[in-house]
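Student: Make the full structure from the sequences, and use the hints.
Using my numbering, the letters of the sequence shown correspond one by one to residues 1 to 280.
The hints are simulated quantities; they were obtained by calculation from the structure and are not laboratory data.
Take these hints with a grain of salt, some might be off.
[Unchecked claim] For each label pair, taking beta carbons as the anchor points, the in silico distance ranges come out as:
(1) E97 / F230: 46 to 54 Å
(2) M47 / L280: 43 to 51 Å
(3) R189 / Q73: 24 to 32 Å
(4) M198 / P74: 21 to 29 Å
[Stated by the list, open to error] Straight-line C-alpha distance at most 20 Å; calculated PhoX-like pairs for lysine-lysine:
(5) K212 / K269
(6) K180 / K46
(7) K212 / K193
(8) K180 / K204
(9) K77 / K119
(10) K77 / K109
(11) K46 / K68
(12) K269 / K204
(13) K78 / K119
(14) K46 / K4
Using N, Cα and C, we set each Cβ at its ideal position, and we do this for glycine too.
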Amino acid sequence: MAMKILIVDDASFTRDLIRRTLRKQFPAVEIEDAINGRKAQQLMSKMQFDMVLCDWEMPEVTGVELLKWCRDQPNYKKADVPFVMITSRGDKSHVVEAVQSGVTDYLGKPFSSEQLVSKVMSAAKKHGLEHRLASQKPRESISPGGVGAASLDILMGGGRSAPVKATKFTHPDAPVVSVKEVKIPTLVRFENKQFRCMVIQFSKTEATMLIKSDDVVPQVLGQAVLDLEFSGQVNRLNYYIQSVSTTEKKHDSTFLTVVLGLIDQDSEKEVFISTLFDSL
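Tutor: Right, here's the structure in full:
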């Protein structure tokens, strides 16, 4: 029987990225999402979920209020259903409140796809559900190489210049995404401001680049437009920002390493990227 996971977050972009990551890593899982705690309560009253991934700060009903409500329901007790709180509120008092309210695990924002998958696996193991996560039943709704290959590496750096690799739960014969080391000077836009950059790693779904940031620091989960040229043709490609890190071991470094995940699913752009990648 397929495992059912509920994602609760008032940010649609975040919900979409989490959903795509889970669908890629766990193809058999059934996923629903809710825009806030009130909508989540309505869904949970209609159907039974096996796991809840929930943001803390939401309108109407907050994450911790939803958590407390869940634990008061006979079919959502802590011993039965894992509840993972996903939030930027990482101070001790909030962690303690979540633990006292019956949270299973706690994942602080920003986080990487590897961390997200690890938390889901850990929560599933605590309830003997890991075999249902690892099931490989195909999903018709999944197409190969979705948005950024559904990679959600939204980790704020930690000094790493390369993308964090997500734990794989795919078929053994699944193709491995190739990444090429390159040096491509070009332009990128964040929040309507243009920067010169150097793309240093490139794949068909991701791009890692170096930029010199002045007064604007790219925000994780924000959008980026990257100019790439091949055979005299320039394409403006839409990405989302997976991670941002400093290239120097100091907080005020002006040079940043930014990892982007592809958003575009346009067939012409996919052909362009594939042709460019093969030429590198």
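Student: If any of the earlier hints don't hold here, list their numbers in rising order.
Tutor: Numbers 3, 4, 5, 6, 10, in rising order.
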